[in-house]
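Peer 1: Chains H and B supply the protein sequences, listed in that same order. Residue numbers 28 to 408, in our numbering, belong to the letters of the first sequence in order. Residue numbers 28 to 408, in our numbering, belong to the letters of the second sequence in order.
The list that follows gives simulated cross-link-like pairs (lysine-lysine, BS3-like), each with its CA atoms no further than 30 Å apart:
| hint | chain 1 | residue 1 | chain 2 | residue 2 |
| --- | --- | --- | --- | --- |
| 1 | H | Lys-394 | B | Lys-43 |
| 2 | B | Lys-43 | H | Lys-234 |
| 3 | B | Lys-257 | H | Lys-287 |
| 4 | B | Lys-288 | B | Lys-151 |
| 5 | H | Lys-234 | B | Lys-257 |
| 6 | B | Lys-394 | B | Lys-234 |
| 7 | H | Lys-84 | H | Lys-48 |
| 8 | B | Lys-331 | H | Lys-331 |
Bear in mind the hints are in silico, worked out from the structure with no lab data behind them.
Residues per chain are reported as follows:
Number of protein chains: 2
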Amino acid sequence: MENFVAYNPTKVIFGKGCISKLAHEVSQYGSRALVLIGRGSVKTNGILSQVLAQLEKANVTYSLFEGIKSNPIYQDADRAVAQARAFKAEVIVAVGGGSVIDSAKAIAVGYYVEHSVWDFYIRKAPAPQRALPILAVLTLAATGTEMNMFTVLQNDATKQKVGYGSPLMYPKVSFLDPEFTYSVSANYTAYGIADLISHCLEQYFDKSHSPLSDSFTIEAIRLAMEYGIKVMENLYDYDARANLMWLATVALNGALSAGKKGGDWGVHAIEHTLSVLFDIPHGAGLSIVYPAWLKYFYPQIESKLTLLAQRIISPAAKAQDFIQHLEEFYQNIQTPIRLREVNILPDKHNLILDNLVQTNANGSFFKMKKTDYEQIIQLMS
Amino acid sequence: MENFVAYNPTKVIFGKGCISKLAHEVSQYGSRALVLIGRGSVKTNGILSQVLAQLEKANVTYSLFEGIKSNPIYQDADRAVAQARAFKAEVIVAVGGGSVIDSAKAIAVGYYVEHSVWDFYIRKAPAPQRALPILAVLTLAATGTEMNMFTVLQNDATKQKVGYGSPLMYPKVSFLDPEFTYSVSANYTAYGIADLISHCLEQYFDKSHSPLSDSFTIEAIRLAMEYGIKVMENLYDYDARANLMWLATVALNGALSAGKKGGDWGVHAIEHTLSVLFDIPHGAGLSIVYPAWLKYFYPQIESKLTLLAQRIISPAAKAQDFIQHLEEFYQNIQTPIRLREVNILPDKHNLILDNLVQTNANGSFFKMKKTDYEQIIQLMS
Chain H
28 MENFVAYNPT KVIFGKGCIS KLAHEVSQYG SRALVLIGRG SVKTNGILSQ VLAQLEKANV
88 TYSLFEGIKS NPIYQDADRA VAQARAFKAE VIVAVGGGSV IDSAKAIAVG YYVEHSVWDF
148 YIRKAPAPQR ALPILAVLTL AATGTEMNMF TVLQNDATKQ KVGYGSPLMY PKVSFLDPEF
208 TYSVSANYTA YGIADLISHC LEQYFDKSHS PLSDSFTIEA IRLAMEYGIK VMENLYDYDA
268 RANLMWLATV ALNGALSAGK KGGDWGVHAI EHTLSVLFDI PHGAGLSIVY PAWLKYFYPQ
328 IESKLTLLAQ RIISPAAKAQ DFIQHLEEFY QNIQTPIRLR EVNILPDKHN LILDNLVQTN
388 ANGSFFKMKK TDYEQIIQLM S
Chain B
28 MENFVAYNPT KVIFGKGCIS KLAHEVSQYG SRALVLIGRG SVKTNGILSQ VLAQLEKANV
88 TYSLFEGIKS NPIYQDADRA VAQARAFKAE VIVAVGGGSV IDSAKAIAVG YYVEHSVWDF
148 YIRKAPAPQR ALPILAVLTL AATGTEMNMF TVLQNDATKQ KVGYGSPLMY PKVSFLDPEF
208 TYSVSANYTA YGIADLISHC LEQYFDKSHS PLSDSFTIEA IRLAMEYGIK VMENLYDYDA
268 RANLMWLATV ALNGALSAGK KGGDWGVHAI EHTLSVLFDI PHGAGLSIVY PAWLKYFYPQ
328 IESKLTLLAQ RIISPAAKAQ DFIQHLEEFY QNIQTPIRLR EVNILPDKHN LILDNLVQTN
388 ANGSFFKMKK TDYEQIIQLM S
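One chain only, chain H, in its complex shape (with noise of 0.2 Å):
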């Protein structure tokens, strides 16, 4: 076990209703909202109408921003930073998945500097010393920013997607009501899957060992996988709902990286190329780039796939079998595991490849350079 260190404040509000708590919770933070929505599917669904009517029982005003996009770019966040300061908002409430909460964190610590967001992601402003209190009301299983000090934004001009973290990002409080996410239709339901499935991965394989941390891990595919397949069946089973938002949340708030290295993230890396590049959705590229990553570095791997595969699939299971494994799982909720099936034809491996040197995309353990790139690609196609 390594040494570490376990902090989590967000306090999640999870279950059927939990949205009728928002309007005390918002109270203890301030009486003026910036709330932050997508591209709207919130305003038909009606939850939206259901956050503003808490907001009203707070007395509390807002100003609607709508429109951040489901690859997040960082012109957003720096529009929505004036919006909230014209407004004077005091806290900022993000209603939707990711994207609409990574940008909510970026206004957060945007809302007191003068320069673009953009310069934190970039590493080129000093880390932030205040920021708004957010609270986020999650539409969308996947990502795990509901519960984490993370964001990712991204800046289409030089195709670059950038990770950023600060302790000042934590929500507040996240509310997750699993029939918020009865309306996401299947593919994006997969992607979700798909990308808590690669939380799970990149902390695994991250050359450290911690029982606790990997059994939860190996517990939290496992389970998946097992909802991941009831969902598709009925995207209106609240169980299964349940069990995914509970799962991403925990995929990346801590309980799997406890005593371990941090996780190595270079399947991520690669996929941001993917995403930043052809603007495909990011769980869609991590199925992609997951199994592709997992044949490229099996000599290194090969013990905690056998792992993974033992206790997945069954006693006797191969290494080998795990990947097949997850090829079959993604294959059966249909995200994709092959580039053509994103019509990324051969014709651009040269840009993913381009891309891929020039942002030099890596991981923290197992590093690429342009040959092991030219070889995942090809893994890929």
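The hints should help you fit chain B onto chain H, whose structure is shown.
Peer 2: For chain B alone, kept in the frame of chain H given last:
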């Protein structure tokens, strides 16, 4: 899955040498500390001097309160409140095991009220509104109090042992150095293991089902047994000490109760009677009560016992096998499994029965009355 709230703001700094962070952390909370210890083992094993060196480094002056008992009594907490007030303490630094940290929680809230801390425990006083910040330096892996909001104290005169909880009681920072548990004797190490396993079992058997929490709980029990055997072979095995220390924390920090109904706690209620009547260690009492409780409620818990047996022993194991496995494990680590092993002989059975009836010792889900107590006492004898 049940609705639930997940919230735990304690920062845990874990690993060899973590005490070096105490100076920095304590300086966030004050410059006058009440240092609370038990019966002095931390003076002889060098832990206290490391803590005091950190306080000196941070220019924190301190007042030492010594003598918290292993089954802590409210009068000591009241005396420590008086000492803390006279000293104008701004922060409490608790150095010890569960009894010291549980007492610190009482003192933290007692500091701001005029009545005895006991009035909180017996629900005579309203909930506390303020508390001194607590920093905890843990020296025993057992109760989990280092990362939760609960405390248990006892009243020798009325023969009551009562739990209490308040969000004000979360330690701000807890320092968990596995090397600080090297000097814990084999028998107290074993009692700590029995305590953490019982926390897992109390939450597991609460007539609710949360797949991830239940799976995590089973893994925690499995690993507690694995590292319990290892630590008994070598009390200076860092890896075993580290795993047990983190397991004890996770067993009661909320990670195993998400989506569940909060646990039964009937076994703890019975054990409190044993501790208060005979001053036996809490963990020793638990390893006596649990096998009896499992046998008595067997028909109601068979399916969940089967799952434990299959996952911890072998895929073909039966429910009954888990009870035998648990008893054998306790025998291996030399914790008692029958009353007679701690010299509580049949002539004391009526005394136990009377206290159980008088305190209405009960679980939240598995309800007991006099005839049930009688049979459970027989199974323990």
